[in-house]
Amino acid sequence: MVPFNHPIWVLYSSGTTGLPKAITHSVGGCLIEHLKYLTFHNDVKPGERFFWFSTTGWMMWNFVQASFLAGATIVIYDGSPAYPDIDVVWSFAEKAQINHFGTSAPFITACMKAGINPKEKFNLSSLRSLSSTGSPLPPEGFKWVYDNVKSDIWLVSMSGGTDVCTAFVGGNPLLDVLKGEIQCRALGASVYSFDNEGNEVYDEVGEMVITKPMPSMPIYFWNDRNNERYIKSYFSHFPYIWRHGDWIEISSESKGLTILGRSDATLNRQGVRIGTAEIYRAVDMIDEVRDCLIVNLELKNGDHYMPLFAVMKEGFSLTDQIVTSIKMKLRSEYSPRHIPDEIIQVHDIPYTLSGKKWKSRLKRFCLE
1 MVPFNHPIWV
11 LYSSGTTGLP
21 KAITHSVGGC
31 LIEHLKYLTF
41 HNDVKPGERF
51 FWFSTTGWMM
61 WNFVQASFLA
71 GATIVIYDGS
81 PAYPDIDVVW
91 SFAEKAQINH
101 FGTSAPFITA
111 CMKAGINPKE
121 KFNLSSLRSL
131 SSTGSPLPPE
141 GFKWVYDNVK
151 SDIWLVSMSG
161 GTDVCTAFVG
171 GNPLLDVLKG
181 EIQCRALGAS
191 VYSFDNEGNE
201 VYDEVGEMVI
211 TKPMPSMPIY
221 FWNDRNNERY
231 IKSYFSHFPY
241 IWRHGDWIEI
251 SSESKGLTIL
261 GRSDATLNRQ
271 GVRIGTAEIY
281 RAVDMIDEVR
291 DCLIVNLELK
301 NGDHYMPLFA
311 VMKEGFSLTD
321 QIVTSIKMKL
331 RSEYSPRHIP
341 DEIIQVHDIP
351 YTLSGKKWKS
361 RLKRFCLE
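If you're matching positions, the sequence shown starts at 1 in the numbering used here and goes up one per residue.
Just so you know, these hints were derived from the structure itself, not from any lab.
Note that the structure is predicted; figures quoted are calculated from it, not measured.
We treat Cβ as the ideally placed atom computed from N, Cα and C, and that holds for glycine.
Do not take every clue at face value.
Simulated crosslink set (DSS-like; lysine-lysine; CA at most 30 Å straight-line) [said to hold, decoys possible]:
1) K356 x K95
2) K95 x K113
3) K232 x K143
4) K179 x K150
5) K113 x K212
6) K95 x K327
Cβ-Cβ distance ranges computed for the label pairs, FRET-style [unchecked claim]:
7) F316 x V10: 39 to 45 Å
8) L31 x D87: 33 to 39 Å
9) E204 x M328: 23 to 29 Å
10) G315 x Y83: 27 to 33 Å
11) G47 x E314: 38 to 44 Å
12) Y351 x A96: 23 to 29 Å
13) M328 x V10: 20 to 26 Å
14) Y83 x W222: 23 to 29 Å
15) S236 x S125: 47 to 53 Å
16) S252 x S332: 24 to 30 Å
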């Protein structure tokens, strides 16, 4: 028997925009949060098979163990999700008769870009839900899932963080799935969108905030004297209110939510605030591009340099015609200021263990 706030594990934030944080969680907080989400928001039932593709360095590895609390059986896959080809995990879903399939938004986007059709090759009749997290799932990803995986599957787009080892927003089996939207706030998660002055806003993009405590918020950061880094990380922007660092838009009509990427990774270009998710969604529409990463560098003389790094599909190279297509797509979907200063072909994009694009690493490389 241990106290509610007894430490259960230390998780490290991804470090995409700064040094990783050593986040210490509590036994009681994680047990309550995980039982709540798996049973109410993921509708996991005793005897079902629960799978989430994750490395051991991502919080989803810890989260997936929570399916035991719901009486489910954990299914684990050892290997790359794209070797020997990107069909391998869908084949595994058929063989293991998975009921709840969890993955990342980049994996769904990669399947979409590869043009595969899992429902035509595999028997996925056991699948009841497909959950996506890690980064925003664009509307095109929703369409791909229903067209190519299963027409009656329940697509659960969710968003949370290593900071709480759970989801702030996610699924609800009683609500409709709307393309591009997360269905609802999680139970007990007081999620709102604030403008710069701290006013609650709807139908426009704002800072994602949590206005009341949740059980699984960190008990402390490891070796963080007087909780200095903890307070600076979450409570320095809006006093006494948790600022998570995501852009969010909440619909006044459906109450659904859209995450638009990290606010602390926002590109400020000539006074215009640009979300990285906007860039990625537009470039994902270019068939020849397999992956990309955008960074904005603040130079010593006060200028800005915003390059886009592009990984091409096999058999393609970055031609002037493709560069023009990317620029035209960004201009037509968003604005001229979304167009990068330069588009550079690279062999690969750096990712963290949790499958997020490692912007800070590439920024350091560019500045060097």
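How the hints compare with the structure:
1. Annotation: proposed proximity of K356 to K95 holds, straight-line Cα distance about 28 Å (limit 30 Å).
2. Distance restraint check for K95 and K113: the Cα-Cα separation of roughly 24 Å lies within the 30 Å cut-off, and the hinted pair is therefore satisfied.
3. Annotation: proposed proximity of K232 to K143 is violated, straight-line Cα distance about 39 Å (limit 30 Å).
4. Taking the CA atoms of K179 and K150, the gap is near 15 Å; set against the 30 Å cutoff, the hint holds.
5. A hinted pair counts as satisfied when its Cα atoms are at most 30 Å apart, and K113 with K212 does not qualify at roughly 40 Å.
6. A distance of roughly 43 Å separates the Cα atoms of K95 and K327; the hinted pair therefore is violated under the 30 Å criterion.
7. Between F316 and V10 the CB atoms are about 43 Å apart, so this pair conforms to the stated range of 39 to 45 Å.
8. Take L31 and D87: their Cβ atoms lie about 36 Å apart, and the range 33 to 39 Å holds.
9. E204 and M328 have their C-beta atoms about 27 Å apart, which keeps the hinted 23 to 29 Å range intact.
10. One distance hint, 27 to 33 Å for the beta-carbon pair G315 and Y83, is violated here, with the actual separation near 19 Å.
11. The hinted range of 38 to 44 Å is satisfied by G47 and E314, whose Cβ atoms lie roughly 42 Å apart.
12. For the hinted restraint 23 to 29 Å between Y351 and A96, the CB-CB distance of approximately 25 Å keeps it satisfied.
13. Checked against the given bound of 20 to 26 Å, the beta carbons of M328 and V10, roughly 47 Å apart, lie outside it.
14. Distance hint for Y83 and W222: a CB-CB separation of about 35 Å, inconsistent with the stated range 23 to 29 Å.
15. As the Cβ distance of S236 to S125 is approximately 50 Å, the hint placing it in 47 to 53 Å holds.
16. Separation of S252 from S332 is about 28 Å and conforms to the stated range, judged on CB atoms against 24 to 30 Å.
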